[in-house]
Structures are given as C-alpha cells and as structure tokens.
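Go ahead and model the full structure; you've got the sequences and the hints to work with.
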Amino acid sequence: MQLSGRGVICVRGGREVFSGLDFEAGSGEAVAVVGRNGSGKTSLLRLIAGLLVPAGGTIALDGGDAELTLPEQCHYLGHRDALKPALSVMENLTFWADFLGGERFDAGESLATVGLDHAADLPAAFLSAGQRRRLSLARLLTVRRPVWLLDEPTTALDVGGQDMFSGLMREHLSRGGLIIAATHAPLGIDSRELRIGGAA
Amino acid sequence: MTALSALIRRDIRIALRVGGGALIGVLFFLTVVVLMPFAVGPDLALLSRLGPAILWLGALLASLLTLDRLFMADHEDGSLDLITMSRTPLELACAAKALAHWLAAGLPLIVATPVLGLLLNLDMVATGAVALTLLAGTPALTFTGMIGAALAVTLHRGGLLMAVLVLPLSIPVLIFGVAASQAAIVGPMTFGAPFSILCALSLVSLVIGPFAAAASLKHGLD
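Protein sequence lines correspond, in order, to chains F and Y. Under the numbering used here, the residues of the first sequence are numbered 1 to 200, in order. Under the numbering used here, the residues of the second sequence are numbered 201 to 422, in order.
Do not rely on the hints blindly, as some may be mistaken.
[Said to hold, decoys possible] On the chain F side, residues computed to face chain Y include the following (Cβ under 10 Å):
{"#": "1", "residue": "49"}
{"#": "2", "residue": "51"}
{"#": "3", "residue": "53"}
{"#": "4", "residue": "57"}
{"#": "5", "residue": "76"}
{"#": "6", "residue": "83"}
{"#": "7", "residue": "85"}
{"#": "8", "residue": "86"}
{"#": "9", "residue": "87"}
{"#": "10", "residue": "96"}
{"#": "11", "residue": "97"}
{"#": "12", "residue": "101"}
{"#": "13", "residue": "123"}
{"#": "14", "residue": "139"}
Derived from the structure by calculation, the hints contain no laboratory data. A quick note: this is a predicted structure, and the numbers were derived from the prediction, not measured. All C-beta atoms, glycine included, are put in the ideal place defined by N, C-alpha and C.
This is the structure:
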C-alpha cells in the first residue's frame, strides 16, 4: 500500500499555503509532518482526508481496497474530538463504530486499552481533555482503517498516555498500516520527517 | 443501513436528553398557542375561526426554532468531518439527520395539537384535520429547513440567516396546510385538493432537501 501526493497545491482563503508538495508513505511507515504554525500541516491532513479540495496536484492510495475511496480508508483525528457531551463514553464509541462500519473490534476492549473502561457509563461531558483524546483513540482501535491521519495527537495526553499511544501506533504500523501525523512534539516512534513551509 | 439507523438513534437520544432540543419546540408551540386567546380576546367564534391558522403558525415557528442546530452542532465538535469522510453517502446521512429531527421535534408538535385545539375552541373534526395536515406538512418544513441549516454551516452564520432563507420556502406549506384544515372545517372547497398538494410538497422536499443540503455541505468544506 502506498500513499502518494504529487505537486499538491493548497489554497485557503485566497492565499497559497503551500504548492508543489510531493510526499510518499508506504505500509508500515510513519510520516511526521513538521513546520511552523500556519505552514499548512492541518490543511495537508484535511486534503488527504478529502475534507479540502486541492487547488492542484493529485493524492492517491495505491494497493488499498479498490472499492473504497481514499477518505473512506482513513481515520482522521483532528483538533475536535467528535464527541457528544450528552452521550456516555460507551454510547459515543459504539455510535462511531456502528456508523463508520467495516471491520470492527470489541468496544469494551478498546476502552480498556486506552484506560477508560472504568468510565464507560460516564457522560462524555465530564471527561477531561486528556480523557476525550483517549476516547477518540479508542475509535481508531474499534474500527480498523489502514491510514491514520493524526493532527497533534499527543496534545493533552499525560506521559503514560503518550507511551500507550506510541505502543498503539507501533502496533498499527506492524499490521501494515500507515500514519501521517502533524506534530510539534516527537511522536515516540521511528518516523520520516516531511517538512513543509520552510524551516521551523 | 446500520450506519443510518445508528445516526438516527444517536440524534434522537441527544435531542431527548437534558439540554437537547426536542422539548424546546413543544414548549414554544404551547406558549404561542396559550398566549393567543389573551391577545385575540374571549370571542369563541373568532378563536375557532383563527384556530387552524394559529396552530399552523405555532408549529411552523416551533419546528424552525431548533433546526439551525441540525448541522451546526456536528460541525462544531468535528462529527461532520467524520460523517463526510464515511462510507455512507452524505445525502443519505443528511436525510437520516432530518428524519431524526422530525421524529424528535416535529412529531411531539402533532401529538400536542389535540390538547392545544381545546384552548382554541376547535371541535374534534377540526382538531383532527389540523393534526392530519401537520402530519403531512411538517416533514416538508424539516426537509426544506435542512437546506437552510446546511447553508448556515457553510456561511458560518446561524439563527437569523436560517430564518430569512427558510421562511420564504415554507410559505407554500403554510398556505396549503391552513387551506386544507379550513376546507375540512367550513368548506366550501374539498379537503382532498389542498391536502394532496401539501403531501406533494412534502414528497418533493424529501427528495430535494437531502441533495441540496449535502451539496451545500460539500461546497463549504474547510
């Protein structure tokens, strides 16, 4: 499986964020997208996720499921956690598992892995920022997608949480998945660096 | 199918929990209708003549009251991103969300109608006619209102814009809804003609609404 971008141009609000960007990532590979604030890290992830339309260039996934589009094979973990405060932790997770579909794993086990099994019946409104991030990670474990697009994934996670997350990423890569992560902090795994928008 | 029923169940559950929008609409409907006799005066004949129009206006405004949050809440917490990326076509997801909104916010209005009809001196036949026209007409309000809700997300403007965009679209529904109710109560028109047009309006909006809303959401991706 090979994710590649050729000459990708991103325009936001009439301003060219970056242009002529080439990148590649294969199975089992993690790419850390680095660059200063406003250089277009989040925009790149949203372009891959199909949430932005490139002004030029192509982004394609070779060797994935031919029946599915690229965004359908991606998990996107953005700044916003896509959680409903009125629903419990378990309800939030099972909703996304039901809605996203595809190969599915036990939601209770995923919660245990991210350390939220004791809070399964708690409304999501009462979760801390770090716990919300853990619940979002549980979504990536319950529903399997080969491509993980992670935007500042370690924000709000404590040291233990970051170690746990590094382990999850290593496991995902060993299954042949690939990871594109926009980050300022080290990911804690072997990764290739993709620098956009000049020096940080 | 699992995906759509999961989306419908989630939206209904959120609407019915504390802080959800389902009861706000009914309370607003109740307030408007209860206040009306005080404004119009205790003339029973006048009240029963105005009754269907008052009920329809109340239901129209109540159903639009919570509609602007239809996509905005999902947009703000990032759920809309995941819904857009998913394997479910966005048009179907939009239709499911509108259906959930109608079940949680529109259906209670129809259930409340017989009670409120008493306050307006409407007899059994009149109340039944209004409830039946609301049942046929409120889906049109929800599904055309959904287009406004999607535009509100795209243009980053809530509330007021939504009302300005959606109210003109709901005028035909209001006209034929009230006309059908009046026809059943006083005549001389037949009930069937305006009621059929009302049903047609609902069916057309069921088809057009999801596509227009999804197109608006896709256009507004950012």
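Do the hints match the structure? See the list:
no., hint, verdict
1, 49, "6 Å, holds"
2, 51, "5 Å, holds"
3, 53, "7 Å, holds"
4, 57, "17 Å, violated"
5, 76, "6 Å, holds"
6, 83, "6 Å, holds"
7, 85, "8 Å, holds"
8, 86, "4 Å, holds"
9, 87, "7 Å, holds"
10, 96, "7 Å, holds"
11, 97, "8 Å, holds"
12, 101, "5 Å, holds"
13, 123, "9 Å, holds"
14, 139, "9 Å, holds"
Of the hints listed earlier, the one the structure fails to meet is number 4.
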